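Make a model of the complete structure from these sequences and hints.
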Amino acid sequence: MVTFWMTVFHLSVSSLNLITMDVAQTDKPVETKISDKVHFEELTGLLEKIKKAQGIEKKKQNLRLFLNQWRQKHEELHKGKKTTDSFYPVMRLLLPHLENERVAYGIKEHTFAKLLIKVLCLGKNSPDASKLLNFNTKREANNDFASVAYYVLKNRCPKNGNLSISDVNKCLDDIAVSNTSKKHDVVHETMLHLLRNMTAIEQKWLIRMVMKELKVGLSQASIFGVYHPDAEEMFNVNNNLEKVCLQLSDPNIRSHEIAISLFTPFSPMLGETAHPNKISEVLSGKPYLIETKFDGERIQLHKQNDDYSYFSRNGHNYSKTFGASAFQGTITQYIHESFLPGIHSCILDGEMLGYNSDTGEFGTKANHYDIKSADSGDYNPCFIVFDILLHNDKVLTNLPITERLPYIRETIAPISGRIQISHYKKGVSKADCIEALNKAIDDREEGIMIKDCESVYRPKARREGWFKVKPEYVDGLMDQLDLLIIGGYRGTGHRSGLMSHFLLALAKSPKDGEKPNIFHSFCKVGSGYTKNELTELNEKLYKHWKKSDENPPKSIVLAPGFKEKPSVWIEPSKSCIVQVKAAEIVSSDKFQTGCTLRFPRVEKIRDDKSWFECMTTRDLEDLKQKSGGKLSNKLDENVDDTTPVKKKRTVAPKVEKKGVMERFKPSDTSHVKMVHNIFDQKDICVANGPKLWDKAKLEKHVVQYGGQIVQNPDSQTYCVLADKKTYQVNHYIKSNIYNIINVSWFLDCIENKKLLPWTPKNIIHATKATIAKIREDFDEYGDNYTYHSTYQDLKDVFSTMQLPKCLSPEEIAEIEDEYFPMESPYGLFRLCKVYVDNKLDPNDDNYLQHSPLTLLAMEMRYFGATVLPVLDNSVSHLIMDKNHLERLDMFKYKRCQSEKKFHILNSEWVKECIREGCLCPEKLFLL
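Those letters in the sequence shown? Residues -26 to -1, 1 to 901, by mature numbering (1 follows the signal peptide of the UniProt record, and there is no 0).
For the record, the hints were derived by calculation from the structure and aren't laboratory data. All values derive from a computational prediction rather than experimental measurement. Cβ atoms here follow ideal geometry from the backbone N, Cα and C, with glycine treated the same way. Check each hint, because a few of them may be wrong.
Restricting the straight-line Cα-Cα distance to at most 20 Å, the calculated cross-link-like pairs of lysine to aspartate or glutamate (EDC-like) are [what the hints assert, rightly or not]: (1) Lys47 <-> Asp102; (2) Lys498 <-> Glu428; (3) Lys498 <-> Asp791; (4) Lys7 <-> Glu50; (5) Lys399 <-> Asp367; (6) Lys647 <-> Glu725; (7) Lys7 <-> Glu206; (8) Lys866 <-> Glu886; (9) Lys674 <-> Asp722; (10) Lys186 <-> Glu206; (11) Lys56 <-> Glu5; (12) Lys498 <-> Glu725; (13) Lys267 <-> Glu5; (14) Lys728 <-> Asp767.
Derived CB-CB ranges, DEER-like [unchecked claim]: (15) Gly471 <-> Glu163: 45 to 53 Å; (16) Lys874 <-> Ile317: 41 to 49 Å; (17) Pro783 <-> Phe237: 29 to 37 Å; (18) Gly680 <-> Ala743: 50 to 58 Å; (19) Asp417 <-> Glu860: 15 to 23 Å; (20) Ser299 <-> Glu335: 37 to 45 Å; (21) Lys885 <-> Asn758: 51 to 59 Å; (22) Phe536 <-> Glu31: 40 to 48 Å; (23) Ser763 <-> Asn686: 37 to 45 Å; (24) Ser140 <-> His84: 28 to 36 Å; (25) Lys520 <-> Ser235: 36 to 44 Å; (26) Ile317 <-> Pro783: 54 to 62 Å; (27) Lys485 <-> Glu31: 14 to 22 Å; (28) Glu785 <-> Lys727: 49 to 57 Å.
Below you can see the structure in the form of C-alpha cells.
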C-alpha cells in the first residue's frame, strides 16, 4: 500500500511538465485524476485482503482504510477545487453488477474460456484448455471460473502489472462497445493487451469483474455504507453510480434532502397494501390523509422554463409523446399556461389518466387504451397531480406531506380534463377510512390511498407511511397479485399455435436496494384474457422462449422433482408481469412456494412494470398474515398434530384369572333333536347373534334344522353366521375365504321352512365366487332380476341407494379446469354467485316473468352461474337493467353495510363476457 501512495506522489510531480505540454498542445485543461496513476494491482491487492479477512467488520476496515487514503490524496491533488474526479472508477469495479444497464460485455465463462484459449494459443485438447472449458464439471466449493483461469495463467503472465485503474476501465469499455458492434477482432486485441500487461492475480479479479460477481464477502449495502451513509439511498433514487460517487464525495456532509434533480428519472414512492380495519392500528391513532387511488399510469413531470420531461415509474421517457416543449405533444401544449407566473422549475408526481371530454369521465386500464401513445382514441391525457418534489430549485422531499401539498397550489392552476390536483381529506378513525372506501366504490374508483401526515417522500420505498386500501369483494381475496411469467404451455384447439397457459412466479425477496435474481414458481394460469390479448402477449414473448428439454435458467426455482414443468422457459429479464386475481391461496407441492392460487385469472398485463417489480416471497407472507385466518387454515390443513398427550398414570387392579367367557363356549347340543332338514348337514359356524338369539341358542337351532355346528370354520364350512362385526368376524373377513351371512337370513329360513338364497342385504362378506353368483341375479342396488319384488324389498332397495354428492361450484370449476382448461365456455360464470334484479316494481317482492333480465338469468345459469333468489352475504355480482335503476341506491346502501363487497353491474357485462368467452373486467360496467 505504501508503494501505491508513493507512486501517486512521484507520478503527480514527474508528470506535471507532461500535463502542461498537453494543455499547451490542446488548449484545453486536462484534469489529473488519481485513477490515472493508481495501479490496478493495488486494487486487486485490496480485494485479496478483503477476501481473506475474517468477519464483516474486518473486511469493511480494509476497504475503509483504502478509501480514506484515496480521499486524503484526492484533497492533496485537487486542493478543494471543483473537480469531476471521484471514486467512481474504483466503485464501478467493486460493484460491477450495477453496471448491467450501461455496460454489456457479452462474455460468459464458456466464451471467456474460448477467448483465453485463442489468445494464449492453447491446443484444443491440451490439459489447460480442458480445464477452462470444463471448469464446472468437477467444481469444488468456493472454486469459480476465475480461480481455474488463475492456475492456467499464473505461469503465462508477467510478474508485475503496469496498468492503472483508468487503463483497465478504458479496456472494459472498449470490450463492451466492441461487443455491441460485434467487432470481435477488437475484443481479441484488447484481451491480448490486458494479458500482456497484467499479473495472473489481476486477471483473476478482472474476470470476476467481467462476470459481475466479485465474491469478496461484502454486500452492495456494506460497500455503499463504507463509502457514505446516504450512498445506497441516493443510488436507489437515481440508479447512477457515478453521480453517487461525485455528489457524496465527503462522508461528513449528509444528504439531508434526497438529491432529486431535474430531467433525471427516479423510482417513485409506493404504497403498502392495508386493510381498512387496520389503518388506525398501523398509524397508532394519528390523523391521516385520504386520497382517491387512480387507475392510470404513474408519471413524474419535470419542467424547467419551456422544457418538459415525462418519466414512467420505470424511468422510461415519454416526453416525445406528451411534449418536450411548451407547444408540443398530447398534453404539454394544453397545460403550459397552467403554471403560475414565477414558476421556472418543478417536479410533480402524479397519475396520467385518459379523459373523455364527451362523457366527462375518466377511463381506466380496463378500457384497453394506451395513454402513452400518440393516438389513444376517445381519451386525451389528463395529469392528476398528488405530490410535488421540487419547487423553483428547492427540493421538498424531506418535508412532511402536509407541508408539501400547499406548494402544488402555488405551482399550477388546474385545467379541467388536462391537469388537475388530487383532492385530499383528513381522517382520524377506522370509520373515516371505511366511509371513504365506500364512497370510492360508489364513484367507481379502484380504492383509496391513506398517507401519514408526517410522511416524507422516500423514492422507491413502500413501507414509509403510504397505504393503498382496496375493497374486499366476495368473489376474491386478492385481485392485484403482480406475478412474473417464467414458462408457457402450448395450446390446443382454437388456441393451437399459441402458448395458452403460463407458469407464474414471484421473486425471492432480495436485499434492500437490490434487484431480485431468484424466482420461485407459484401458480399456473390460463384464463382471463381474450384471444386478441393472448395473441399480443405471445407476439411479445415468442422470441425469448427456450425449449423445455433444456434446464431452466438458474434464476428459476421449481418444486423438487419438477412437478409442474412448462413446454418452454423464458429468462426472467426478458419476460413481463401479469396482474392476477384469485379466490384464495391453498397448499400445493407442485410449486416451489409450497402453495398456489385457487382459480387464478389474468386481470391485465402490466406494461408499466419492469420484470423485477413482481410480487416477492415477503409480500406472500404479508398476504397470509393479512388474510384474517382463512388462508392460514387452508395452508395448514395438511399439518399432522402429533403432539403427545401426557396420560394420567393409573394403577391396574388385581384381576383374577378366568377361563373362556360363557357366551363364547360351544353349546351342548347332544340332547337336541332334529325337527326339519332345512340345512341338510351343512357345516355352519356361529360367530355371534343378537340379544334374543345368542350364540348358544343359534347353535341349537342349527342342529334342530339339520345343520352341523363347527367352532373353527374351514374351506368346507357353508357359512359363518354373525349379527355384527367383532374382532373375530373382522379376522374372518381379512382371510377372504368365508361367506359371512347375517343372522336374519338364518331366521328367515326357519320361518319359511326352506333354504333361501343369499341376497345382497344378507351378506356381510362374501367370497369371489359368491359375489360373481350374486351379480348374475341382482343389480348394484340389490334388486333381483327374476323374482318379483315386494313392498318391503323395494323399501330395502331404496334405503341402500345413495344419491350422488352434490358438487359445489368450486369443485365443478376444479374439474373443468383439469379436464377442459378454457376449452368449454359452459363454466364461464361458474364461480359467480349472482343476484339478478328482475323486479320491475320496487315494491313487489314477486318475480315478474316478463322482466328483461329473466332470460339473462337463465343464460347465466346455462354458463355456470349460481343465481340466488335473495341478496345475501354470499352474492358476488348484482345485475341490474340500466333502464330500471330504482333500487340502485338501496343496493349501494346494503353494500356499504357489508364488510365484503359485491359488484353492482349493468346487464351488458353478462353479454360482453359471453361474447368474449372470458370474464371481462367489472370496472367497465359498474353502476
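CA of Lys56 to CA of Glu5, is that 20 Å or under? holds (11 Å)
When you take the CB atoms of Ile317 and Pro783, is the distance between them in 54 to 62 Å? This hint holds: roughly 58 Å between Cβ atoms.
Within 36 to 44 Å or not, the Cβ separation of Lys520 and Ser235? The hint (36 to 44 Å, Cβ to Cβ) holds, given that Lys520 and Ser235 are roughly 41 Å apart.
Checking one constraint from the list: CA of Lys647 to CA of Glu725, max 20 Å. Satisfied? Holds, because 18 Å separates the two Cα atoms, which is no more than 20 Å.
Hint check: Lys498 vs Glu428, CA-CA at most 20 Å. Holds or violated? violated (42 Å)
Restraint status (C-alpha distance of Lys866 to Glu886 at most 20 Å): violated (23 Å)
Given a hinted range of 49 to 57 Å, is it respected by the beta-carbon distance of Glu785 and Lys727? Because 53 Å falls inside the window, the suggested range holds.
Going straight from one Cα to the other, do Lys498 and Asp791 come out at no more than 20 Å? Holds. Lys498 to Asp791 sits at ~11 Å (cutoff 20 Å).
Is it true that the CA of Lys7 sits at most 20 Å from the CA of Glu206? violated (24 Å)
Given the hint that Lys47 pairs with Asp102, test it: the Cα-Cα distance must not exceed 20 Å. Not OK: Lys47 and Asp102 at ~43 Å, beyond 20 Å, violated.
Verdict for Pro783, Phe237 (Cβ pair) under range 29 to 37 Å: violated (54 Å)
So if I understand the rule, the pair passes when the alpha-carbon distance is 20 Å or less; does Lys186 with Glu206 pass? It holds: about 18 Å lies between the C-alpha atoms, which stays within 20 Å.
Violation of the numbered hints given earlier is confined to hints 1, 2, 5, 7, 8, 12, 13, 17, 18, 20; the remaining hints are satisfied by the structure.
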